[in-house]
Amino acid sequence: MALTATSLESSSGGRSRKRRPPSLLHVLALAAALIALVPLIGVIAAALGSTDARFAPSDLVRYGLTSLGLLALVLPSVSILGSAAAWLVSLYRFPGRDLFTWMLAMPLALPAFALAYGYADLLDVGGPFRLWLRDAGLGWSGSIRTLWGAGLILTLAFYPYVYLTVRSALTAPAARTIEAARLLGASPVGLAMRVGLPLARPAIAAGAALAAMETLADYGAVQFLGVQTLTTGVVRAWFVLGSVETAARLALPLLALAAVLLWLERQNRAGRYAESARSQGRRIALVQLKGPAASLATAFCGLIILLGLVIPLGWLTVSALDVAPEIGRIAGAARNSFGLGLAGAAATLVLAAAIALGAPRIPVTARLASLGYATPGAVMAIGLLVPAAAVWSGFAGSTLAALGLLVFAYAARLMAAAVEPLEAGLARITPTMGEAARLLGRNEVATAWSVQLPMIVGPALTAALIVFVDILKELPATLILRPFNFDTLAVMADNYARDERLANAGWPVLVIVLLTLPATWWLTGRIGAVRG
Amino acid sequence: MAEPAITLDRITRRFGDRAAVDDVSLSLAEGRILALLGPSGGGKTTLLRLIAGLEAPDAGTLSIAGRPVAGPGLWMPVEQRGVALVFQDLALFPHMTALQNVAFGLKGATSDRRARALAWLDRVGLADLAHRHPHALSGGEQQRVALARALAPEPRVVLFDEPFSALDAHLRQSVRDDVARLLRDSGASAVIVTHDAQEAMGMVDALAILEGGRLIQMDTPQAVYDHPITATAARLLGPVNLLPGQAEGGAVETPFGRVASAQEGPVQIAVRPERLHLAQAGLAGHVAGCAFAGDCWIATVETTAGPLRVRVSGPTQGQVHLVAEPGAVRVLPG
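Residue numbers (the numbering used here), protein chains in the order written: chain A, 1 to 532; chain B, 1 to 334.
Next up, chain A with everything else stripped away, as it sits in the complex (with noise of 0.2 Å):
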């Protein structure tokens, strides 16, 4: 009896059901998840309503091998880095760990295919590192152009997923069970196992799930170092073949593996905005390293970041040193990558906001916009062209409508990203801030202005930046959506490399890393993950 009236007077329970807000919410909400939906069953359809099949089913396994192969270096190589590199940091003191626990999420500002043009570059017959092994006197006959060299790259691009989720699952309340351990005389291995292994587990595989993401998505990367993914088979499907169908058959198991991540991503996570935000200053006490075991630390970290970031980019920017750039073309894609950056940005934000808002009531609007987030680029490029074409046939030629569909591609992938951080802000906006702007003499239109809007424009501020950084790095929706001779900077950076221009190459990339690097070191500062 006292149960009920307490729950009865405690708030929300009599009150939402008079001020219900319009229902004009929950159809945007709608409206948003179906945009992400839109292109999944475009691929569906396509794949499964053709009779015009124009591969061979080899073909398809030979592909989703390597995909899966792939997986399989990169998944225990992303944990396993990603998972060390936090525990250091976030229990230990030693020589450059204030430094290194930023440093080591920026190889997230760049984009896997800098690392893969970076590495070639260095790596490949005619290479500085070649000639400087024969004049050491040493043969090497090995190749970073194999499911070996992308499995690192990837690896090297996508760890710090890993990263930044165990770092901030080591704040807060396991701060106080680590401390727990160390003083029942836990070692700092059985530390680890015992308990920093169960306690970042969930933290490990939502990273992981993330980072396999990405390695399923790339196309950029892999297709520079010959390998041929199920990713890279929807795209020359596309573009040797001309045939969305055999596209769509090709993005069919990619789509059921992003689902599968997806899933298990979901299982794991436990808001970690959120948590990352209020956990802030109760961090574990840092224990000093001494000695050799401070040297090991330092040079463990200090050489995930040469390999992931300084020696990728540092090679590229000395061999575009060489080439003078073709400042008008990386002035023209820059500001395509500019204005698709902001639009995207802009609509992404838009459908975002509209699923934060009604996602309380309507939670399925989330995970469907999640499911556009696990989905790859290409696939959702290939389920566009399906009711684009069947909505518009002039579609082909118009440029408005390639860019604009282009700004779709990229909304409908990336609002679950946009949408964390905007849920996360409006959840600390509670119903009696409203209220006491209303007694303090506010009216309804006043108080969302002067309260809830202020509160929500950080956040938003974040989601847009998470967005337009995603943009800037991606290749492959923007490759096959694109209207013709429309380059972004990713695309010139794309054309170079196909060219094996790769100092021409290393300037467009060199300016979108001007652009993300501040962008993700800012973001990685504000927020536990950035995802994408």
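Hint data in this document are derived by calculation from the structure and do not stem from the laboratory.
Keep in mind that a hint or two might mislead.
If you want the footprint, here are the derived chain A segments under chain B, 3+ residues with CB under 8 Å [stated by the list, open to error]:
| hint | segment |
| --- | --- |
| 1 | 236-247 |
| 2 | 449-456 |
Some but not every residue of chain B turned toward chain A, in silico, with C-beta under 8 Å [stated by the list, open to error]:
| hint | residue |
| --- | --- |
| 3 | Ala-52 |
| 4 | Leu-54 |
| 5 | Asp-58 |
| 6 | Glu-79 |
| 7 | Val-83 |
| 8 | Leu-85 |
| 9 | Gly-108 |
| 10 | Ala-109 |
Each pair of labels, with its calculated beta carbon distance range [stated by the list, open to error]:
| hint | chain 1 | residue 1 | chain 2 | residue 2 | range |
| --- | --- | --- | --- | --- | --- |
| 11 | A | Ala-446 | B | Arg-14 | 47 to 53 Å |
| 12 | B | Pro-244 | A | Ala-180 | 48 to 54 Å |
| 13 | A | Ala-180 | B | Gly-265 | 57 to 63 Å |
| 14 | B | Ala-180 | A | Ala-446 | 28 to 34 Å |
| 15 | A | Leu-34 | B | Pro-77 | 51 to 57 Å |
| 16 | B | Gly-289 | A | Ala-180 | 50 to 56 Å |
This structure is a prediction, so every number in the text was calculated from the model and none was measured.
Note that beta-carbon positions come from the ideal geometry of N, C-alpha and C, so glycine has one too.
Starting from the known structure of chain A, fit chain B onto it as the hints suggest.
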């Protein structure tokens, strides 16, 4: 005579088929402070939200300063009522500094609002911290900012929802004194929802006991303490011994003698521990335990009528006899 600050006339608020506030009528005179007391779920917070205008009554009429603001076919929006509310969770705006929070409800030119807000922060002893955001303030400081924010627009009615529940005992006392002082200075009427009677008794003019959505009793703190009309009211105000009894022919036989009863049948007999005394003769019992309580000791005495708590001046043991002060034994509905 001036209009009452708040008048509730047969106010009812239902959630589903349950009345959270059930046919409540009361009025509070200008400048007076009322505490709403009652078990959780008794309707205290709902009543407060009804007065504020955050809930609409399903029946009855609510008037503020003699002016009806809610009733059949009548609804004055929250922001026009000039009523202030200090929320339990404070509801400070996290994106604003203390100064901006306090200035939020003020009208006029920016510089003037600023000056007045600063004066209010000074009054609660926080002028130095005016430019801090809420997250950089301690619990007690946040409480004071919320208080200044509510009082700054000089409302005629101020409502408090469990205002001190988040503070530790020491801070509670000092914030409570601030509230009492500022309220007296401003001459505003106030309604304070609380479950802590000790906290309320010292600072309010009247207590209203709510139970199951109904107003059980409203009177001065001392009157409710000495003459509670239900067992719940008696318990809410402080420790009390309750014994079962049977009323027949207009009186009840209690362990301390015959007491007149307005009702027949099963009743409860109530007597407060400090109004029982040790004596040479009286109700016999033996001391089962004696606990130190600061300025006194509380002995638990096993008697034939049941265990009774008695306030004693020092550690006590063995066989004792108890007597009650005249008029101390109350008969309450069973």
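Hint-by-hint comparison with the structure:
For the segment 236-247 of chain A, the proposed coverage by chain B is not satisfied: 0 residues have a C-beta within less than 8 Å of a C-beta in that chain, short of the threshold of three. Note: the segment 449-456 of chain A has 4 residues with beta-carbon separation from chain B under 8 Å; the three-residue rule is met and the coverage holds. Satisfaction of the interface hint for B:Ala-52 is found here, the shortest Cβ-Cβ separation to chain A being roughly 6 Å, below the 8 Å cut-off. A cut of 8 Å between beta carbons decides the hint on B:Leu-54: the least distance to chain A is about 6 Å, and the hint holds.
Restraint check, B:Asp-58 versus chain A: the minimum CB separation of about 10 Å is more than 8 Å; hint violated. A hinted interface residue such as B:Glu-79 counts as satisfied when its beta carbon comes closer than 8 Å to some beta carbon of chain A; here the least separation is about 5 Å, so the hint holds. Given hint, B:Val-83 at the interface with chain A, holds; its Cβ is 7 Å from that chain's nearest Cβ, closer than 8 Å. For B:Leu-85, the shortest C-beta to C-beta distance to chain A is roughly 5 Å, which falls under 8 Å, so the interface hint holds.
Annotation: interface hint on B:Gly-108 violated; nearest CB of chain A at approximately 12 Å, more than 8 Å. Of the supplied interface hints, the one on B:Ala-109 is violated, with its beta-carbon coming no nearer than about 16 Å to a beta-carbon of chain A, more than 8 Å. At roughly 31 Å, the beta-carbon separation of A:Ala-446 and B:Arg-14 lies outside the given 47 to 53 Å, and the hint is violated. Hint check: B:Pro-244 to A:Ala-180, Cβ distance near 50 Å, so the stated range 48 to 54 Å holds.
With their beta carbons about 59 Å apart, A:Ala-180 and B:Gly-265 fall inside the hinted range of 57 to 63 Å. The hinted window of 28 to 34 Å between B:Ala-180 and A:Ala-446 holds, with their beta carbons roughly 33 Å apart. As the Cβ distance of A:Leu-34 to B:Pro-77 is approximately 37 Å, the hint placing it in 51 to 57 Å is violated. A beta carbon spacing of about 37 Å between B:Gly-289 and A:Ala-180 contradicts the range 50 to 56 Å that was offered as a hint.
The structure is inconsistent with the numbered hints 1, 5, 9, 10, 11, 15, 16, although it conforms to all the rest.
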